[in-house]
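There are 2 protein chains.
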Amino acid sequence: MGHPVVAVAIVFVSAAIAMAASSQYSHHPLDPLTATEITAIRAAVLASPLVPARPLFFHYVGLDEPDKPDVLSYAYGAADAAATSSQMTLPRRAFVIARAGGQSHEFTVDIAADNASVLSHAVHRGPGFPMFTDEDQIAAMALPYTYPPFVESVRRRGLDVGEVGCGVLSRGWFGAEQPAYGGARVVKMKCVVVDYNATANIYARPVEGVVMVVDLDRMAIIGYRDRAVFTVPKAEGTDYRADKVGPPFTGPAAPPGVVVQPEGRGFHVHGHLVKWANWEFHVGFDMRAGTVISLASVNDTDAGGLKRRVLYRGFVSEIFVPYMDPEEEWYFHTFTDAGEYGLGALASQLQRGADCPANAVYMDGYYAGSDGKPVKAEDVICLFERYAGDVAWRHTNGIGLGGLFSEVRPDVTLVVRMVVTVGNYDYTLDWEFKTVGSIKIVVSLSGILEMKAINYTHVDQIREDTHGTLITENTIGVYHDHFVTYHLDLDIDGTRNSFIKNNIVPKRNTGVRATGGAPTPRRSYWTVLYEVAETEAEGQVNINSAPADLLFVNPSKKTKIGNEVGYRLIPTGATATSLLADDDYPERRASYTKKQVWVTPYNKSEKWASGLYAEQSTGDDNLAAWSKRNRSIKDEDIVLWYTVGLHHVPYQEDFPVMPTISGALEVRPSNFFERNPLIRTKPPENSPNCSCSIGGSA
Amino acid sequence: MGHPVVAVAIVFVSAAIAMAASSQYSHHPLDPLTATEITAIRAAVLASPLVPARPLFFHYVGLDEPDKPDVLSYAYGAADAAATSSQMTLPRRAFVIARAGGQSHEFTVDIAADNASVLSHAVHRGPGFPMFTDEDQIAAMALPYTYPPFVESVRRRGLDVGEVGCGVLSRGWFGAEQPAYGGARVVKMKCVVVDYNATANIYARPVEGVVMVVDLDRMAIIGYRDRAVFTVPKAEGTDYRADKVGPPFTGPAAPPGVVVQPEGRGFHVHGHLVKWANWEFHVGFDMRAGTVISLASVNDTDAGGLKRRVLYRGFVSEIFVPYMDPEEEWYFHTFTDAGEYGLGALASQLQRGADCPANAVYMDGYYAGSDGKPVKAEDVICLFERYAGDVAWRHTNGIGLGGLFSEVRPDVTLVVRMVVTVGNYDYTLDWEFKTVGSIKIVVSLSGILEMKAINYTHVDQIREDTHGTLITENTIGVYHDHFVTYHLDLDIDGTRNSFIKNNIVPKRNTGVRATGGAPTPRRSYWTVLYEVAETEAEGQVNINSAPADLLFVNPSKKTKIGNEVGYRLIPTGATATSLLADDDYPERRASYTKKQVWVTPYNKSEKWASGLYAEQSTGDDNLAAWSKRNRSIKDEDIVLWYTVGLHHVPYQEDFPVMPTISGALEVRPSNFFERNPLIRTKPPENSPNCSCSIGGSA
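Protein sequences, first through last, are from chains A and B.
So that you can map any letter, position 179 of the first sequence is 178 in numbering that gives the first Met the number 0, and since no number is skipped, the others follow by simple counting.
So that you can map any letter, position 16 of the second sequence is 15 in numbering that gives the first Met the number 0, and since no number is skipped, the others follow by simple counting.
You may find that some hints are simply not true.
To be verified - Here are a few chain B residues that sit away from chain A, every Cβ distance over 12 Å (derived from the structure):
#1 46
#2 125
#3 635
What the hints assert, rightly or not - Simulated pairs of lysine-lysine, DSSO-like, Cα-Cα distance not exceeding 30 Å:
#4 A:557 <-> B:506
#5 B:243 <-> A:306
#6 A:593 <-> B:593
#7 B:233 <-> A:306
#8 A:274 <-> B:67
#9 B:439 <-> A:439
#10 B:187 <-> A:556
#11 B:681 <-> A:233
#12 B:559 <-> A:233
#13 A:593 <-> B:557
#14 B:506 <-> A:187
#15 B:559 <-> B:681
#16 B:243 <-> A:559
#17 B:559 <-> A:506
#18 B:243 <-> A:681
#19 B:559 <-> A:243
#20 B:67 <-> B:439
#21 B:506 <-> A:593
#22 B:233 <-> A:681
#23 B:593 <-> A:500
#24 A:557 <-> B:243
#25 A:593 <-> A:606
#26 B:593 <-> A:506
#27 A:606 <-> A:556
#28 B:187 <-> A:506
#29 A:243 <-> B:593
#30 A:559 <-> B:233
#31 A:593 <-> B:500
#32 B:593 <-> A:439
#33 A:500 <-> A:603
If you're looking for bench data, these hints aren't it; they were derived computationally from the structure.
A virtual CB, placed ideally from N, CA and C, is assigned to each residue, including glycine.
Construct the entire structure; sequences and hints are all you get.
Here's what the structure looks like:
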C-alpha cells in the first residue's frame with residue numbers, strides 16, 4: 000500500500016508453454032483462466048468491431064463464473080439447484096475491462112470453444128476507474144526523467160536524476176476539493192532515491208516534498224509541486240539483503256528444522272481441486288482478488304462421510320489503507336490495494352523453504368498484461384500441512400475415581416498461502432483448514448513502512464504532530480490503518496442461511512425460577528439472547544461493542560436434538576475499525592470499515608467492497624451503499640463480509656523491515672456436527688515416543 | 000474448574016531418587032524446591048514446637064524467593080541492586096501453609112543448610128483458606144458411600160452406590176447469605192456415575208439434584224440436599240478413549256509429521272536456566288502457579304550481545320471460572336482454580352509426541368503432599384522449538400525500478416508448555432519466546448464441559464432459560480467464563496518502568512499546520528495521545544473500550560534517536576471481561592476481571608490476584624483491593640496483570656471432549672531495539688529448496 004514502484008515480476012509466457020494442464024483433469028467451471036484462454040480472450044476483444052479505438056489496454060481479465068445455482072448443481076448434483084446433471088457443461092466466460100478512447104469498456108467473452116468471441120459489451124459511465132496496469136505504471140515511471148521541473152528539483156537536493164525513481168500512487172477521491180482534470184484518469188507520483196549498491200531499501204530514502212500529477216491516458220505530467228526540501232535519509236543501516244548484512248550474520252539464530260512426513264503428504268491436488276482429511280475445496284486465482292477458495296465442504300465422518308457445504312466462495316475483496324497525515328504530500332494516501340493495484344497481479348513468487356516450509360506444494364497463476372497477453376505468476380500459491388505443535392483436543396482423567404488416562408490428539412492443519420506485495424507492504428494471506436471443521440483466515444503483515452523524510456534527527460527536536468514515529472534519523476514511519484475485507488459466501492449446509500447474534504447479556508437473579516432465576520444467594524449471571532438479523536441493517540456489527548457469539552446458521556437444518564446447524568465467527572486479534580470522520584472522503588469510499596461484520600444477500604455482482612471501479616471511487620458502489628437497500632437476510636443466500644483491521648503506530652523495530660504481525664478470523668462449526676468430529680480420529684501411535692492413550696492407576 | 004474428582008497422578012518419591020540434579024549445576028536462587036528440600040522442610044515444620052497440634056496437613060509448600068534486589072544482583076551483577084557479588088549466596092527459604100487445630104499456619108523455613116529450620120510462624124486470622132490438599136479430596140470422596148441419605152438418593156435413581164463417585168467443589172463465598180458453619184472449612188460435593196467400562200467420560204453422567212456439604216477439617220458431611228431427580232444421561236457416545244472409539248478410526252486423518260532438526264536443538268537447559276537464540280530465562284515450578292518464568296532477558300545482538308532485561312517473573316496468578324446458572328446446585332460454581340486446587344499440583348504428565356512434539360524436552364516438578372512428603376510431577380513442563388511455517392519478516396522488491404529480490408526469514412519460536420487439568424477442563428499454558436523479542440502467552444482450552452443433567456431430550460421441549468446449551472440428550476453444557484490472570488512483572492531494561500497509554504484518537508483536519516492540520520481536502524485522521532499512568536487507578540484498562548497501544552517503558556532509557564524503550568501489549572483474541580454485577584459475591588472476590596489490564600507497584604506479597612487465601616475469599620485481599628490504595632506507578636517497579644478472558648457458550652462440538660480454543664497476549668519490543676533485531680539473521684540457505692535471497696531482473 001503505497002506504491003512507489005511496480006512490484007511484480009513480469010514473465011510473459013507463450014500459450015504453448017502455459018497449457019500444462021493435467022491430462023486427466025477436465026476443467027472445473029471455477030478454474031481460473033489459463034494462458035491459452037487469456038490469449039483467446041485477447042484475440043476476441045481485439046477482433047471485436049464493438050470497440051475500434053486503439054490503443055486498447057487490458058486492465059482486468061478474469062473468470063466470469065457461471066451462475067451459482069449451476070455451479071452448485073455441477074458440484075453437488077441437482078438437489079440444491081435448478082439444473083440436473085453433475086456432468087453438465089457450463090458456459091465458460093471471461094469478464095474483461097479494457098481502456099480505449101478514454102473510456103472503460105466491459106466485455107463478456109465466451110471462451111467455451113477454441114475460438115473465443117465477445118458476447119456483450121458496455122461502456123462504464125459512472126465514476127471510478129479500473130485497476131492500474133503494469134504498462135500504466137512503467138510508462139508513468141519514465142516521465143519524470145525528462146520533465147525539467149523535476150530534474151531541477153532533484154538537482155536542488157544535490158541528487159542526480161539518474162539516482163531517483165518514481166512510482167504511481169492513486170490519488171484517492173476528494174470530491175470537488177480536488178481538481179477534476181476533466182474526469183481524466185489521474186494519479187500522483189512520488190519519488191525515492193534508488194541506489195541498489197547503497198541499499199535495497201528504496202522506501203527508506205524518499206525525495207520528500209515533490210508530488211507530480213500524471214494523466215495516465217495521455218501519459219503526461221499535468222501538475223507539479225515542489226513544496227519544500229527535506230533531508231534525504233541516509234542509506235546506512237537500511238539494507239536488509241542477506242548479502243549486504245552478512246556475513247557475519249550476527250542476528251539471533253534458531254536452528255534449521257524441517258517437517259518430515261514419513262507417510263507422505265496427506266492432501267491431493269487435482270487441477271485446482273484439493274482434498275485433504277475431511278475437506279474438499281477449489282483453489283482459484285484472480286488478478287484482483289488473489290487466491291479464491293470455492294466450494295469448500297467438509298465430510299461429516301460421523302454421518303458416513305456426508306459431504307456438507309461450508310463456503311461457496313471466499314476471497315479478499317479489498318485492502319483499504321488510509322494514512323493519517325493530512326499534509327499535502329500525504330493526505331491522498333488512502334489506498335484500495337485490491338481495486339487499484341490487484342492482489343493477484345502483485346502476488347510474489349513464494350520462496351521455497353522460507354515463505355512456505357519444505358513440505359509445501361506450489362501453484363501458478365495467470366493473468367493478462369496490459370496488452371492482453373498472458374502473464375505467468377509463478378509459485379504464487381503454496382499449500383502445506385502445518386505441524387505447529389498444537390493440540391486438537393485432550394483430556395487427562397484424574398486418578399481420584401480410579402481411572403488415570405490421557406487422550407491427546409495433535410492438531411495438523413492445511414494452509415493455502417499467498418503473499419501479496421503491494422509496493423512496500425507484504426501481506427501473507429493464509430486460508431487454514433482444520434480437521435475440526437474450522438476455516439481460519441490469517442492476515443500477516445510484513446514488508447517496509449511508508450516513510451516520510453523529515454529534518455529531525457532526535458525526538459527531542461520535535462514540537463509538532465509529525466503524524467508518525469521517528470523511527471530513525473530524518474525518517475517518520477507514518478501512522479496508518481490496514482483494513483483487509485473478506486468476502487465470505489458461507490453456505491452452511493445449503494444455500495439459505497440466517498445470521499444470528501447470540502447476545503451475551505447480564506441478568507439479575509430474580510430468585511424466581513419462572514423468570515430464569517433461582518432462590519439462591521447468587522445475584523447475577525449472564526445468558527444468551529438469540530436474535531435473528533432480519534435485514535442488512537441488523538447484519539452490521541462492531542464486535543467490540545458488546546459480547547455476542549455471531550453465527551451463520553441454516554434454519555432448515557437441525558441437529559438430532561434440535562439445534563440449528565451453524566458456524567460461528569471467532570475474531571482473533573486485529574479488530575480495529577476506521578476512526579475517520581463519516582464525512583471525510585476516504586471514509587465515504589470505504590465506510591464499511593466502521594464495522595467488522597456486514598451481511599448481505601448474495602448478489603453475483605457484489606464482489607468488491609469498494610466497488611467494481613475502486614480507483615477514484617466515490618462510495619456510490621460499495622458494500623455500505625448496497626446495504627442501504629436494507630434487503631432481507633433472513634433465511635436467504637447470504638454473504639459475510641469481515642474486515643481484519645489494524646491501527647499501525649510504527650515503532651523502531653518496524654525499520655528497516657517490519658517483523659510480522661497477524662490478525663485472524665476463524666469460522667468454526669457450532670452445532671454443525673452432532674459432536675466433536677475428531678473423537679474417532681486415530682491417536683498418533685506411530686509418532687516417536689507417543690503414549691497418547693495411557694491406562695492404569697498409580 | 001469444577002472438580003468432581005482429584006485429577007492428579009500421585010507419585011510419591013523418595014528423596015534419594017529425587018536428588019538427580021545436574022552435578023555441574025549450582026542452585027539458582029529461583030530454582031523450585033527439590034524433593035530433598037521438601038523432605039527437610041517437612042521435618043523442620045513437624046519438629047517445630049510452635050505448632051504442636053496434630054494432625055498437621057501441608058497445603059502449600061513453595062519457594063520463598065529472595066528479595067528482588069538480591070536476585071537481580073545475583074543474576075545481573077550489582078548495577079541494578081544493593082548487593083555486590085554475582086556469586087553471592089542468597090538465603091534459601093520456603094513458605095509453608097499448613098492446617099492444624101482448625102487453623103491455617105504460615106511458616107517461613109530456612110533450607111540453606113542441610114538441616115532446615117523454621118524461621119517464623121504466624122496464624123492466619125482473616126477470611127479464606129489455603130488450597131485443598133489431595134488428602135482433603137480423597138478423604139471427602141470416601142464419605143458419601145456410608146452416608147445413608149446419599150445411599151438412599153442413589154437408590155431412588157435406580158443406581159447402585161458403587162457406581163457413583165463424588166468430588167469436592169469449592170462453595171465460593173456468599174457472605175451472610177450462605178451458612179457460616181462456625182467459620183469451618185466447608186466445601187460442597189456433587190456426584191457422577193463412574194463406570195469406566197461404559198465410558199471414561201464421568202462428567203457426562205451427573206447425578207443431578209444432589210448436593211452435600213462437607214466440613215473438611217472434621218471430615219464429615221454436615222449438610223445434605225436431594226432437591227429433585229433428573230434423568231442420568233446415557234453413556235453411549237460419550238467415551239473418547241482411543242481403544243473405545245476404534246478401530247476403525249473413522250475420524251478425519253492427517254498424516255503424521257515430525258520436525259527434524261539436522262543440526263540438533265537450538266536451546267540449552269542447565270538446571271532450570273534456558274538459553275535459546277537471543278533469550279535467557281529461568282523455568283520454575285510452583286504447586287499453586289504451575290510454571291514460573293523468571294529473569295527473562297534478551298540479547299541485543301545489534302548492541303554486541305548486551306543482555307537486556309524483559310521479565311522478572313511471570314506466572315498464572317489465578318483462573319477464575321464462574322458458571323452462569325443461579326440454581327441451587329450450580330450458583331456456587333465460581334472456581335478460583337489456582338487458589339483452590341493448585342495449577343502445579345494439577346499439572347498433567349505431558350504425552351510425548353502428542354501434547355508436545357517429538358523434538359521436545361521435558362522437566363519434572365516436585366511439590367508437597369498433604370503429609371509434607373515430596374510428590375514428583377513427572378514431565379509436567381516441556382520445551383520445544385516450534386516450526387509452524389510462519390514468517391518472521393519478508394519483503395519482495397519489485398522489478399519496476401530494476402531490482403527484483405526477495406528476502407524472507409522463517410520464524411522459529413521456543414515454547415515452554417504446561418497442561419493443567421483442573422478436573423474436567425484442560426488448560427494448555429504456553430510461554431512462547433520469539434527471536435524478534437516477543438513473549439507470547441497462550442491459553443488453550445480443551446477437556447470436558449461441566450454438564451448438567453436435565454430431562455429434555457430435544458430443544459423443542461425447552462420453554463425456560465436452561466442456562467446453557469442442550470449438547471446431547473438430557474445434557475446441558477452450562478454457560479460459563481474463563482478468566483486466566485497473569486502476573487507479569489515486566490522490567491523493561493531495568494526495574495523502574497512506567498505504563499503508557501498511547502491513545503489512538505480521531506482528529507478533524509483544522510487546515511492549519513500549527514495545530515497538526517494541513518490545507519488539504521482531507522477532513523480527518525487519527526493521531527497518538529501519549530498518556531503516562533500516574534497511579535493504579537490509571538493503570539486499569541478495558542482494552543475493548545477505546546483503541547490504544549499500551550506499553551511498559553523505561554523512562555530512563557531511550558533509543559539513540561530519543562524514543563523511550565518499551566514493550567507493548569498485543570491482545571490476540573479472548574478479551575472478554577466479567578459481566579457479573581458489582582455487588583454479586585463472586586464478582587467481589589474477582590472484581591479484577593472487569594478489566595483485562597491492571598498495573599500495580601511491585602510488592603513481593605502481591606502474587607495471587609484472588610488473595611493468598613483464595614478458597615472462600617471475600618475480596619478483601621485481592622488485586623482490586625490492593626489497587627484501591629491507588630499507589631504511584633510512574634517510574635516505579637511495576638507489575639502488569641493481564642486477564643485472558645472467554646465467555647463460553649457451549650456447542651455440540653464441545654461434546655464429549657472440547658476442541659481446543661485459544662486466546663493470547665503478546666508483549667512485544669516497541670522502540671526497545673534500535674531497529675528490527677532480525678535484520679542480521681542468516682537466511683535459511685541450508686533448508687531444502689531455499690532461495691530466500693534471490694537477485695537479478697527479468
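(request) Against the earlier hints, flag every one the structure doesn't satisfy and list their numbers going up. (result) 4, 8, 10, 13, 17 and 29
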